[in-house]
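Participant: Next come the chains, spelled out residue by residue.
There are 2 protein chains.
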Amino acid sequence: MNSDEKLRLLRAQMQAEGVDGYVVTGADPHHSEYTAARWETRRWITGFTGSAGIAAVTRSAAALWVDPRYHLQAGKELAGTSWTLFPVSLPGENLVISWLAEQLEPGDTLGCNAWETSAASWEIYREGLNPRGIRTRLTGDLLDLVWQGRPPLPREPVTEVPAAYTGCTRTEKLDRVRSRMDEAGADWFILSSLDDIAWLLNLRGNDVPYNRLFLAYLFAGRERMVLAAGVKGAVKELLLHEEIEVVPYEDAPGRLEQLLSEEPGTVLFDERTTSMGIAGRIGEKNPVIKAADMTASWKAKKNSAELQGMQEAHLQDGAAMTAFLCWLEHSWKEGTWDEWSLGQKLFEFRREREGFIHESFSPIFGFRENGAVVHYSAKQGHAALIDRRGLMIIDSGGQYLGGTTDITRTVLFGDAKPEEIRDYTLVLKGHIKLASQLFPEGTRGMQLDTLARMFLWDAGKQYGHGTGHGVGHMLCVHEGPVSISPKLVDVPVEAGMVCSDEPGIYYEGKYGIRIENLLYAEGAGDWGFGPFLRWQPLTLCPYERRLIDPSLLSGEEKACIDSYHRRVYEALADHITKEEARWLKEKTRPVQ
Amino acid sequence: MNSDEKLRLLRAQMQAEGVDGYVVTGADPHHSEYTAARWETRRWITGFTGSAGIAAVTRSAAALWVDPRYHLQAGKELAGTSWTLFPVSLPGENLVISWLAEQLEPGDTLGCNAWETSAASWEIYREGLNPRGIRTRLTGDLLDLVWQGRPPLPREPVTEVPAAYTGCTRTEKLDRVRSRMDEAGADWFILSSLDDIAWLLNLRGNDVPYNRLFLAYLFAGRERMVLAAGVKGAVKELLLHEEIEVVPYEDAPGRLEQLLSEEPGTVLFDERTTSMGIAGRIGEKNPVIKAADMTASWKAKKNSAELQGMQEAHLQDGAAMTAFLCWLEHSWKEGTWDEWSLGQKLFEFRREREGFIHESFSPIFGFRENGAVVHYSAKQGHAALIDRRGLMIIDSGGQYLGGTTDITRTVLFGDAKPEEIRDYTLVLKGHIKLASQLFPEGTRGMQLDTLARMFLWDAGKQYGHGTGHGVGHMLCVHEGPVSISPKLVDVPVEAGMVCSDEPGIYYEGKYGIRIENLLYAEGAGDWGFGPFLRWQPLTLCPYERRLIDPSLLSGEEKACIDSYHRRVYEALADHITKEEARWLKEKTRPVQ
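One line per chain: the protein sequences are A and B, in this order.
Numbering-wise, numbering that gives the first Met the number 0 puts 241 at position 242 of the first sequence, and it's gapless, one number per residue.
Numbering-wise, numbering that gives the first Met the number 0 puts 4 at position 5 of the second sequence, and it's gapless, one number per residue.
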């Protein structure tokens, strides 16, 4: 079906619904960062394959807003269609509203899919359009009758996290929820966020690729606990035994309405993660309290069992990465491998490791100029052949029994150019500066972000992405609420938080460099000025020493690198082959 | 009159007004950081002499909220009174509201002085108390009839800034205001902020000590421009000639009401700087737009004439400081000077300099343990005698014809202790790191703040104040909107902004160290990653080289210090005596 045909069918549905405009955000009903294929509505209707954007359709026009990462790509993908592309700095409801206000007449109606529209967004559309005489109405998913072959709801098995890796029982966590509800004066708490539900219930699934999530809603009352999810068998029995009612996922809105009519009361929920498909069922009689999901900040601070699992996962992943890099150095020949087949090879190394489940995201292998495309993804048959010297960014990770990994190494094929060595060293200096900085409790990510950038800044260079994101425990590789970036996120780094440390540098059309380790924060001491924190590395893998210029490093920086390399060798030596260990010994010898 | 007597008289006034509670914020009608003595109401009623806090009085209770800087001081000053002290982290309306909600009964009325209450605060009181059945009413200043000997309204002369130092005429600036009003769809713009009015009209006064402000309101219409201020004589003639109507300061509310009844329309104002005494006159019929004063961001970016004036002022101030430090080193003997008399001495050195008008703030001379009290102020007869070795913080500044200065040097009497040298060097490393960092446009102060702290953090140390504040041109020594501090202020540093760079370290009961220069930002170039900015120093004065440990400095850091010292010597040598120049030559020789 071509683009115009899809638009024609959607417009027919819009007419049948009596709406003159319709927004397609591509959000899933849980407002997840990554969604199951079923909810890739924006991709299906527009043909744009990027991970972020907003689309809107009226009777006569269709528009897509995308951020700078996707200006080029969206331009190519939308060429020749009747979609109007708006390359903007940040796609948001406000831009869609301005456009709709021009396209629609007073008296017209905008339809918003209740499941794609968060309670917060719904307010914004109403406040932006209603005063101009444009009506707003919640609808079902209008693509349902249009999209032939739409993927069904995923229903993968849900499993329990082994007790050794949770450090906290479901009951203990749910008691904590109830205490917080008491403090807030809430009778009900609605949780829609999938990683929060998985963490809270010590359960994992596979409904969203890479992310170990399962589709679910949780309704916590003062006495009752209701999980709407496709949980079956022994796990379901266990939940019932713990007095957690289980209803089918699709029954969530109806069951919520029922619960609130039986026991009306004050409802606590996060308006950014709760869709109107759920929030719309709360009813006028029940007062609401809107607040960020309490579980988000709890799950960010990993306890010692969770950190232990993360360390085990990183030991396995470090062994896989090291074995891969050793193999690569010995086996690589010009013209034999491309980006995609190397990705498969790394996957094979990971698959052999104990506890490996699957990759934690779609890996990035970017050779030469492809390394400069921050969200590059090589496709089978469309991947660059490694046919000459150059740098390659390898950003990948795994889901293991005990934890989640995410690592980037920049690999050198052939001989290095001086500018590549200089840039790699500058990036590495920022990477180790952030990792080795002692900092007081209360420090937020945007204060630390500068540490990873300052050496590049000194050279008039800059990178356009954040330095670090939170990482889930056996969960999403991107996890809030902490962010080490220039974004104004008022969340301090706390002991137990796991963050990535991944500065980079990118030259369009030439090459990219990025170095990423995961770190966790721990208490460091108090020297009379309040408690301080420090980072500990989780990732275990050597840097590319042929790209390090020791003359640009201070004695302290060399000591940092040597100490990290010593740690890598000591941790991995017994978990890799003798040949690999010999190679690693050489790669981790002191920087001169 | 003692504290209880004052409270008795205020309560009688409250009864006469029919209010059961009354808030005393100590704000002036312009919500200035520094106020004329007339508006030191919080100080008069409570006896607490600190610069920040909120007081509230009911029929039977009286309470004061102060921040950590003042916990100790307020405790001493309120001892033995019937005031209840709440030492909190941040005094705010929310704390006052919680307390009032406990103290007052439904049906009671809280009175807020319309002139002390900003439009923003008034909303907060109403939203916090009315739902609990507590009424809120705007009143006049109830202390007026109670406070015997209350200082009158200041009425100092208003003078014009020489054209050479403005770089932009009044007419050009007012045209810019009108363009912005057009963009915003505003028919009227109300400006209450005193430094914004002074900057916008190229006028200066002396109504608030140190700050070169004059009491005024400005009402800008599409056609009319009305200044309510005590402007007289030639300056008034000039304004009238430029079609700026001048009415007495006291007539402001009446004139505003009149203007809006003659020409109703949309009114633009900043709810944080506009008191209800003014905002309350806008009337229901006129739509309002609340937005930060447009002038605040304009005046922060100094043009080349303003920067030229700042540089001239810093040349004079640097010469005065250098002469003072040279004199101090030669003339100081144990037991002959105290903190206060040294302050007088520095004032004498400044007074001799060309263009000096008066000090830009009450100087801080803190010897030994007094240096650890961040807001210490020595009083005549109660100042520490310099009777033995030790460090002294000297934080002072001047108002000159062309600009405003603010400088801190830490001075050593006698021999240095190793820990003092180590701490001074760590503070200096942060100070020069911030000053020498190249950074991309768009970088905000909180991202740069870390640069000044990271060396102290590495040693487990921290300071409890911001690193840098904006500085006015021939105006307030503290100026918004930029702030180099951990505060989440979403204002990027832009070319032309002047900021202080003043890290420090403080050991309670022992000593304090602070080093402060003023810097201005300028465009540095674009190396393919967007435009970058760099800092240039304004302050010209040597560091205390006896407190520098060269072994803790990198080669780059030594080069930074040497280059700054060379600049200081070259700029000042011709503006000081031969003896002072010889001394300065020695003080600015390369760090070994």
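Everything labelled a hint here was simulated from the structure, so no lab data went into it.
For glycine and all other residues, C-beta sits at the position ideal for the given N, C-alpha and C.
Be a bit skeptical, because a hint or two may be false.
[Said to hold, decoys possible] Pulled a few chain B residues facing chain A out of the computed Cβ check, cut under 10 Å:
no., residue
1, ALA100
2, SER361
3, LEU447
4, TYR462
5, GLY465
6, ILE504
7, GLY524
[To be verified] From chain B, some residues computed to sit far from chain A (all C-beta separations above 10 Å):
no., residue
8, THR48
9, ASP107
10, CYS167
11, GLU262
12, LYS289
13, LYS378
14, ALA383
15, GLN436
16, PRO439
17, THR442
18, ARG443
19, GLN446
20, ASP448
21, GLN461
22, TRP526
Participant: The structure should be examined with respect to each hint, and the outcome stated for every one.
Facilitator: Checked hints:
Taking 10 Å as the C-beta cut-off, the interface hint given for ALA100 of chain B is violated, the closest approach to chain A being about 16 Å. With 10 Å as the threshold, the beta carbon of SER361 of chain B stays out of range of chain A, its nearest partner Cβ sitting at about 28 Å, so the hint is violated. Hint on LEU447 of chain B holds. Least Cβ distance to chain A is approximately 7 Å, under the 10 Å limit. The beta carbon of TYR462 of chain B is positioned within 10 Å of a beta carbon in chain A (closest approach about 8 Å), and the interface hint is therefore held.
Nearest Cβ of chain A to the Cβ of GLY465 of chain B: about 12 Å, over the 10 Å cut. The hint is violated. Interface hint status for ILE504 of chain B: upheld, as the beta-carbon distance to the closest one in chain A is roughly 9 Å, under 10 Å. Against a cut-off of 10 Å between C-beta atoms, the interface hint on GLY524 of chain B holds, since the closest Cβ of chain A lies about 7 Å away. The Cβ of THR48 of chain B sits about 27 Å from the closest Cβ of chain A, beyond the 10 Å cut-off, so the non-interface label holds.
In this structure ASP107 of chain B is separated from chain A by more than 10 Å, as the shortest Cβ-Cβ distance comes to about 25 Å. At roughly 31 Å from the closest C-beta of chain A, the C-beta of CYS167 of chain B stays outside 10 Å, upholding its exclusion from the interface. The non-interface label for GLU262 of chain B is consistent with chain A: the shortest C-beta to C-beta separation is roughly 26 Å, beyond 10 Å. With a least beta-carbon separation of about 16 Å from chain A, LYS289 of chain B lies farther than 10 Å from that chain, consistent with its non-interface assignment.
The non-interface label for LYS378 of chain B is consistent with chain A: the shortest C-beta to C-beta separation is roughly 29 Å, beyond 10 Å. Remark: the non-interface label on ALA383 of chain B is consistent with the geometry, its nearest Cβ contact in chain A lying 23 Å away (cut-off 10 Å). For GLN436 of chain B, the shortest C-beta to C-beta distance to chain A comes to about 6 Å, within the 10 Å cut-off, and the non-interface label is violated. The non-interface label for PRO439 of chain B is inconsistent with chain A: the shortest C-beta to C-beta separation is roughly 5 Å, within 10 Å.
With a cut of 10 Å on Cβ distances, THR442 of chain B falls inside the contact zone with chain A, its closest approach being about 8 Å. With 10 Å as the threshold on Cβ separation, the claim that ARG443 of chain B sits away from chain A is violated: the shortest Cβ distance comes to roughly 7 Å. Consistency note on GLN446 of chain B: stated as away from chain A, yet its beta-carbon is not over 10 Å from all of that chain's, at 5 Å minimum. ASP448 of chain B, annotated as away from the interface, has a beta carbon of chain A within 10 Å; the closest lies near 7 Å.
Here GLN461 of chain B does not stay apart from chain A, with its beta-carbon only about 4 Å from theirs, under the 10 Å limit. Some Cβ of chain A comes within 10 Å of the Cβ of TRP526 of chain B; the nearest lies about 3 Å off, and the non-interface call is violated.
The structure is inconsistent with the numbered hints 1, 2, 5, 15, 16, 17, 18, 19, 20, 21 and 22, although it conforms to all the rest.
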